[in-house]
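S.K.: Read off the chains here:
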Amino acid sequence: MKLIAAEVRESFRFPVPELCIVAVSLVVIPWTAYTAGRAAALPCTQSLTIIEEYARSITLRSYGQVAPIVALLTTILSSLSLARDYERGKMHLIFTLIRSRGIYVLSKALANSVLPILSAVYSLGLAIALSTPRFPWLAYSATIVVLSLESIFFALLSTLIATLAKRLVPSLVLSTLTTLLLSTLAGTLELTGRVSVAEMLPPLSFRKLLAAFMQGKEVHIPASYNVVYMLITAIMLYYYSENKLEVSK
Amino acid sequence: MKVVEFKDVYKFFGNTVALDGVSFSMPQGLSLLLGPNGSGKSTAINIMAGLIRQDRGYVKVLGEDPRDVNREGRRVGFLIEKYWFYDFLTGYDHLMLAAKILGLSEPEIHVKKVLKVVQLSEYAHKAVGTYSKGTLQKLAIAHALLGDPELIVLDEPFANLDVETSASLMNLINELVREGRSVLVSTHVLSHFKELRAGHAVLLHKGKVMCEVELGNIMRVLEKTVVVRGEPLEAIYRALKLAGFRCFTVEDKVLVKVSHHEELQEIIKALKGIKVVDVRSGVLEIEDLLNLLVDEDEINSRGS
Chain L
92 MKLIAAEVRE SFRFPVPELC IVAVSLVVIP WTAYTAGRAA ALPCTQSLTI IEEYARSITL
152 RSYGQVAPIV ALLTTILSSL SLARDYERGK MHLIFTLIRS RGIYVLSKAL ANSVLPILSA
212 VYSLGLAIAL STPRFPWLAY SATIVVLSLE SIFFALLSTL IATLAKRLVP SLVLSTLTTL
272 LLSTLAGTLE LTGRVSVAEM LPPLSFRKLL AAFMQGKEVH IPASYNVVYM LITAIMLYYY
332 SENKLEVSK
Chain U
10 MKVVEFKDVY KFFGNTVALD GVSFSMPQGL SLLLGPNGSG KSTAINIMAG LIRQDRGYVK
70 VLGEDPRDVN REGRRVGFLI EKYWFYDFLT GYDHLMLAAK ILGLSEPEIH VKKVLKVVQL
130 SEYAHKAVGT YSKGTLQKLA IAHALLGDPE LIVLDEPFAN LDVETSASLM NLINELVREG
190 RSVLVSTHVL SHFKELRAGH AVLLHKGKVM CEVELGNIMR VLEKTVVVRG EPLEAIYRAL
250 KLAGFRCFTV EDKVLVKVSH HEELQEIIKA LKGIKVVDVR SGVLEIEDLL NLLVDEDEIN
310 SRGS
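Residue numbers (the working numbering), protein chains in the order written: chain L, 92 to 340; chain U, 10 to 313.
Everything labelled a hint here was simulated from the structure, so no lab data went into it.
Okay, derived cross-link-like pairs now, BS3-like style, lysine-lysine, Cα gap no bigger than 30 Å in a straight line:
hint, chain 1, residue 1, chain 2, residue 2
1, U, 16, L, 335
2, L, 93, U, 142
3, U, 109, U, 142
4, U, 121, L, 181
5, U, 135, L, 181
6, L, 181, U, 69
7, L, 335, U, 109
8, U, 125, U, 91
9, L, 181, U, 125
10, L, 93, L, 335
11, U, 122, L, 181
12, L, 335, U, 11
13, U, 217, L, 257
14, L, 257, U, 69
15, U, 215, L, 335
16, L, 93, U, 135
17, L, 93, U, 109
18, U, 109, L, 257
19, L, 335, U, 217
20, L, 93, U, 91
21, U, 91, U, 215
22, L, 181, U, 91
23, L, 257, U, 215
24, L, 335, U, 91
25, U, 69, L, 335
26, U, 262, U, 284
27, L, 181, U, 215
Construct the complete structure from the given sequences, taking the supplied hints into account.
M.R.: Below is the structure:
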């Protein structure tokens, strides 16, 4: 736990949190400036149901804005962190001390998803607060849970790529490209009408999970896809770092 | 009991052969892994530390697979060539973190003990970011000593250390061996071990074991070799041969084998009229030692 705490502290060092806040704000604020005007136009006397529905749709749309940037932030932070440890020699020292490398690498992935999750909490809150007269706490909490899961998934995936690529630049490029490729593929499939297939792919599967959370039983819950993806990635990462990862030349 | 055993070990990095069928074993006590840069010393140490796996052959550390040896508590402590610390933590915090990862009971006592041993107590509560290279090296050595391991493996421990600290590290190594622990030191600097007579040494060169010898033999070779530098090298070589010395040319110097120190005067006499820059005894580079040991081996085999 102390090691994870040190890792989290390491990821919070200047200028990383500042850059994360700027990145999410740049994405969210221009978009909410437009929707905020629409929200202000709504009369306060409107029925609760209408406000709830509106808030819900704002939440979903805010999620659509925040999710890609959270995925990208997690990808960059996780791959950089692991590759940097490899190049600087921190991994060498730690691996002569710890008993399970797999647990260390898995916890490192989790530690690197903390900052993107906090950025999501901030940016999504900001987006919704600027867009609706009444803050939908339930929808907000559900969105944060889904964004956290998404962040952890991309952290695991990027850490796995970094353990394979090892070096800083290849790790960063490969993991970022993988995240972008998954998002683009899912987006293209959705645009071409193959929505059910698109929603099986990670970025959209998480959106579907959120929709399922918020709309109840009428939507098929694709939680199983996400659980399977996360488990497969975590097992691969654990197995590779425990048995195959060579940390020195 | 053998503390380290390598049997027909191969390690490749792409097309480069880092270890080429290496076999050696190291007994309890002090052992040296000697060799010039690029000879495969660090690769061998990294295999012992479980950081990399050999492609072929088997390796045992304290009778176990390198990755399993520390599973039930710390039996082997490593100072590896490459290390890095969180610069916002203090040396004390680092060692406490390592002690907790190792699951040591009473970590404070362990940490204070190793800090005292490596003479780092003064800097213990300063951030690692403010440490000099030598102080960082001491902190890395302190990590290796945490948990009282049976075997301590030190890869180039004298790097970045000044003369005084090197001498105190040498004393520490002697102290650890006297306590009954095994210490394996990988180095390309021979001068630190001048005073030692007991111990085992393995010489690696281009990924192969050149020879396994007792440390005393190395030191005898070291003492009975005179290094001559000057111009022209060919003239120096011929003059010494003519005077009946056994010598050979290595790069920019001539190595002369002598049976006692008094022969130094005779060497100087034999070189009269030739421009000599430097004549020294007891100072050898690891590559020269390799040449001398190979030469001695040949002589011994011819004699037998």
